[in-house]
Every structure is written in structure tokens, then in C-alpha cells.
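Asks: One letter stands for each residue in the lines below.
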Amino acid sequence: MKVFLNFSFLRDADYLALLFQGLGMTLFLAFLAVALGSILALIPALMRLSGKKFLSIPATAYVEIIRGTPLLVQVLLIYQLLNIPLFLIGGIDMGSFVPGLVALLINSSAYISEIIRGGILAVDRGQTEAARSLGMSASLTMRKIVLPQAVKNIFPALGNEFVTIIKETSIFVYVGVAELMYQIGVVKGMTLAVTELYVMAGILYLMLTYPLSKLMNAFERRMRHADAK
Amino acid sequence: MQMPNNKIIQIRGLKKTFKSTIHALSGVDLDIQKGEVVSIIGPSGSGKSTLLRCMNFMEVPSAGSIMFEGNLLSIKDKNINQLREKMGMVFQSFNLFPHLSVLENITLSPRLVLKLSDDEANIMAKELLDKVGLSDKIDAYPNQLSGGQKQRVAIARALAMKPDVMLFDEPTSALDPEMVGEVLAVMRALANAGMTMVIVTHEMAFAKEVSDRVVFMAEGSIVEIGTPEVIFTNPKEERTKTFLKRVNVI
Numbered sequence: 179m180k181v182f183l184n185f186s187f188l189r190d191a192d193y194l195a196l197l198f199q200g201l202g203m204t205l206f207l208a209f210l211a212v213a214l215g216s217i218l219a220l221i222p223a224l225m226r227l228s229g230k231k232f233l234s235i236p237a238t239a240y241v242e243i244i245r246g247t248p249l250l251v252q253v254l255l256i257y258q259l260l261n262i263p264l265f266l267i268g269g270i271d272m273g274s275f276v277p278g279l280v281a282l283l284i285n286s287s288a289y290i291s292e293i294i295r296g297g298i299l300a301v302d303r304g305q306t307e308a309a310r311s312l313g314m315s316a317s318l319t320m321r322k323i324v325l326p327q328a329v330k331n332i333f334p335a336l337g338n339e340f341v342t343i344i345k346e347t348s349i350f351v352y353v354g355v356a357e358l359m360y361q362i363g364v365v366k367g368m369t370l371a372v373t374e375l376y377v378m379a380g381i382l383y384l385m386l387t388y389p390l391s392k393l394m395n396a397f398e399r400r401m402r403h404a405d406a407k
Numbered sequence: 003m004q005m006p007n008n009k010i011i012q013i014r015g016l017k018k019t020f021k022s023t024i025h026a027l028s029g030v031d032l033d034i035q036k037g038e039v040v041s042i043i044g045p046s047g048s049g050k051s052t053l054l055r056c057m058n059f060m061e062v063p064s065a066g067s068i069m070f071e072g073n074l075l076s077i078k079d080k081n082i083n084q085l086r087e088k089m090g091m092v093f094q095s096f097n098l099f100p101h102l103s104v105l106e107n108i109t110l111s112p113r114l115v116l117k118l119s120d121d122e123a124n125i126m127a128k129e130l131l132d133k134v135g136l137s138d139k140i141d142a143y144p145n146q147l148s149g150g151q152k153q154r155v156a157i158a159r160a161l162a163m164k165p166d167v168m169l170f171d172e173p174t175s176a177l178d179p180e181m182v183g184e185v186l187a188v189m190r191a192l193a194n195a196g197m198t199m200v201i202v203t204h205e206m207a208f209a210k211e212v213s214d215r216v217v218f219m220a221e222g223s224i225v226e227i228g229t230p231e232v233i234f235t236n237p238k239e240e241r242t243k244t245f246l247k248r249v250n251v252i
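Those protein sequence lines, which keep their order, are chains V and Y. Under my numbering, the first residue of the first sequence is numbered 179, with each subsequent residue one higher. Under my numbering, the first residue of the second sequence is numbered 3, with each subsequent residue one higher.
For reference, chain V alone in the conformation it holds in the complex (with noise of 0.2 angstroms):
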């Protein structure tokens, strides 16, 4: 067993620099990843809810399908389905990034679909009814009574989902997007330092979500306190 580590190559500017972009590209991944997949996570979480199983069905296939099987086979899949040759937008060689981010779009929505769904059929069904009682309709209903209280059940379990798909972006070292672990590859080739490499990505992800999950437990806590009032 290798017991002294040398970090050594932390004063080497320019490894250091690989290694916050690997870092930037993990967070701008799982960010949209959450932002965009939160959007499209509405579809199935409204279809599965609509009650019509002309809907519900497809959409739980969907969800289950997805949750049923690795990222690694879907990102793998994606990527040779979609088929994009090497160019380059921003640095960013779009040619893995562009399936790498549409798995990731189709994983976490199905994921968020069901934090959706969760946070809608937590909100009172007493809610629903007072406003179509006053003559809402289904959709007016959603959109001013349900959703807005649903955000708050929703809102939590999103932060967590984040944290998760921070940890997940890992697996994308296999088709070659520059994110964190990427770079970490990068930057053993060149030093060797191999085990240092290692502790250093445990330590870059926990310095994102560690902060992270604190930020959504003081978040957390507001609401309850809002609700409490």
C-alpha cells in the first residue's frame, strides 16, 4: 500500500487550472441537468397525473425504464445512437457533450418527474377542490393553487437531486466530456500521482456538494419556518 501521498502537483498552476474547469464543467452539467430537466420532468410528472392512461401509461414506462436501468448504459447508448462528429463550441467539444448532457436531460427528468409528481400529490386535495368549486378550471388550477404550494415540497428534494447528479456527472469520464473527472485523468497522466488524483476528486466533489447540502437544509428550514408563522 502506497501510505505517503505527495500533492505536490498542487502548485502547479496549470494542473490546478485543469482541475477547476473539470469542477466548472461538472457544475454547469448538473446545473442544467436540473434546471433543464426540471422542465421537462413536468411532462411525464403531468401525464402520469392526468389519470388518462393513454398517458399515464407511456409516461410511467418512461420513468420506470429509466430508473430501472444504469446511466452508464444510457449515456453509452445515447452517445452512439446520436452519433455527433468532434466540433468545438465555446472549447466545448460539442460532439460528447451534446449526448452527454441529453442523457443526463433524460435521466434526471424522469428522476425529477417523480419528485414533481410526489410534491403535487402532497399538496391538499381539499386545495383542488375549493378552486374548481369557484369555477377554475383543471389547468388555471395547477398553475395558481397546486404548482405554487407544490414548489415547496419540490424545492428540497430538487437540492438533493442536484447533489446526486453532481456525483453522477463522474461517469461521463467515459465519453470524454471534460468534467471533473476527465480532468483528473488528464492531469494523472502527466504526473503520476495517481492516488492523489484520487483524494483530490473526493475532495473537489464534497467542496461542491457538501456546501450544497447545507445551503438546502438552511433552505429547508425557512420553509417550515414560513409555514409555522
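There may be inaccurate statements among the hints.
Cut-off 25 angstroms, straight-line C-alpha distance, at most; resulting in silico cross-link-like pairs (SDA-like, lysine to any residue) [said to hold, decoys possible]:
no., chain 1, residue 1, chain 2, residue 2
1, Y, K21, Y, S76
2, Y, K117, Y, K164
3, V, K230, Y, L85
4, V, K230, Y, I77
5, Y, K17, V, L318
6, Y, K21, V, A300
7, V, K330, Y, P144
8, Y, K117, V, L318
9, Y, K80, V, I221
10, Y, K164, V, V351
11, V, K330, Y, K80
12, V, K231, Y, K78
13, V, K322, Y, K21
14, Y, K88, V, T319
15, Y, K164, V, E307
16, V, K330, Y, L105
FYI, nobody ran anything at the bench for these hints, they're computed from the structure.
Please build the complex by placing chain Y on the supplied structure of chain V, with the hints as guidance.
Replies: Leaving out everything else, chain Y in the frame of chain V:
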């Protein structure tokens, strides 16, 4: 179609089955006249709330028909939203919108559904809050109100749609005893102003005082309908007598 004999609600052969086993309503006929106050009483589980909730299709009947102002209610009918505008409903658990202020609770539907301007809606909300004695709570949020205040706001909210009939589903059952009076006072004023009202209630004294007719239900059917004097002092049916004895009215 013209309204026959001032009947605002006409219920025929109404049946409701839950989960295909429990018969909540087994064939109910009932007419509500314009301007009439009808109380529905009976033991819990007798189907009185289900009957009331069928009147605006909050509960979709399993069989039978409901006519409101000459229109047949149907769940497929897009007009169900328009018919519901004319049928105010007050719930046992208030169901105020917690993310909206008292003013917004009242003005939301008039603005979005009736397309009133903000000014028109606000003026009307102020009048209604004045009527229910809560002008000072206009900017409060529901969680800052007592149960009695919440229910009075809920009544104002329903009235803001200018309904032709008000449906009350056990409006005082979730209230602390000291708050029942303030809600009943608002309802009494409404009845005196000529509003058509259908009230499911356990407040026998109130039902006796304000009702034109009282409906006694048991086991999903109407057992007896009559004036409060007849039902509360001289009921014909044995089941009505037993129930009223148990709740200490006779």
C-alpha cells in the same frame, strides 16, 4: 331551457358508489327551490356530505341526474366550470389558499374566471370582508387567522363569484366551540338576505332556526323531509326520532 317552478336544483335517482362496494347514496330525489334554505342532517356515514358534493360534481354520481338552473350537469361537459361558478361551496376544512393573502384568496377567481379588473375585484372583496366582519384582515395570510376567521373568509371567497346557491359542507364541524357562533352569524345574515342555501350540518339548533326545510338522511337515502317544526318536534319516521333523541333534540 326554462326553469320549471323556480327549482334551482333538481336531483333525480342519484346514486353514488365508492370503490364499487360501499353505497354512499342509493337513489336520492331532491328539489331545491330558489331562495330556500335547506339543511341536511343525519348520522355520520348517512351520505349527506356526498349528496351535497354531488350537487356541484365535486363527487361524480354513479347514476342519476342533477339539473342546475335547467342545465344537466355532466362531467364531460366543459360548462361544468361555468355552472360551478354559480354554486358557491364552503368546506369543513376551509381550504383557503395558504400561499395567497385574504384579499387574493377572494379576488383570484373573480379576476381569472369572471375577468373582473383588479379594481373591481378589490372593491368587491372589501365589501364582502366588511360583510363577514374581517376588513382588518385583508392583507393577512390564512395561517394568521383563527378557524372562525378562516371560514368567514372562505364564505366571502365563495360569495365573490356571485353564486345563485351556496353549498355548505359541515361548515362549523372543524371549529372550536367558541368560534361556531361567528360563522353561524354570517350564514344567518346570508339566509336572511335571501340566498339559496343547502347546509349539511350537525348544528341542530341552527338548522331548526334558519331552515325552510330539513332533510333527514340515513344509510344513503332520504328518510324524511319537512319543515323544521315537523322534523324537530313531530317527526313521522322512527329513524328520525331515534337520531334526534340521540343528539338530544327531542
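Asks: Now tell me if each hint is right for this structure.
Replies: How the hints compare with the structure:
1. K21(Y) / S76(Y): 20 angstroms, holds
2. K117(Y) / K164(Y): Given pair K117(Y), K164(Y) holds - Cα atoms ~13 angstroms apart, limit 25 angstroms.
3. K230(V) / L85(Y): Given pair K230(V), L85(Y) holds - Cα atoms ~24 angstroms apart, limit 25 angstroms.
4. K230(V) / I77(Y): OK: K230(V) and I77(Y) at ~14 angstroms, within 25 angstroms.
5. K17(Y) / L318(V): Violated, at roughly 30 angstroms.
6. K21(Y) / A300(V): 22 angstroms, holds
7. K330(V) / P144(Y): 17 angstroms, holds
8. K117(Y) / L318(V): 13 angstroms, holds
9. K80(Y) / I221(V): Holds, at roughly 23 angstroms.
10. K164(Y) / V351(V): With a Cα-Cα distance of about 63 angstroms, the restraint between K164(Y) and V351(V) is violated, given a limit of 25 angstroms.
11. K330(V) / K80(Y): Not OK: K330(V) and K80(Y) at ~31 angstroms, beyond 25 angstroms, violated.
12. K231(V) / K78(Y): 17 angstroms, holds
13. K322(V) / K21(Y): 31 angstroms, violated
14. K88(Y) / T319(V): Status holds; Cα separation ~17 angstroms.
15. K164(Y) / E307(V): 18 angstroms, holds
16. K330(V) / L105(Y): Given pair K330(V), L105(Y) holds - Cα atoms ~22 angstroms apart, limit 25 angstroms.
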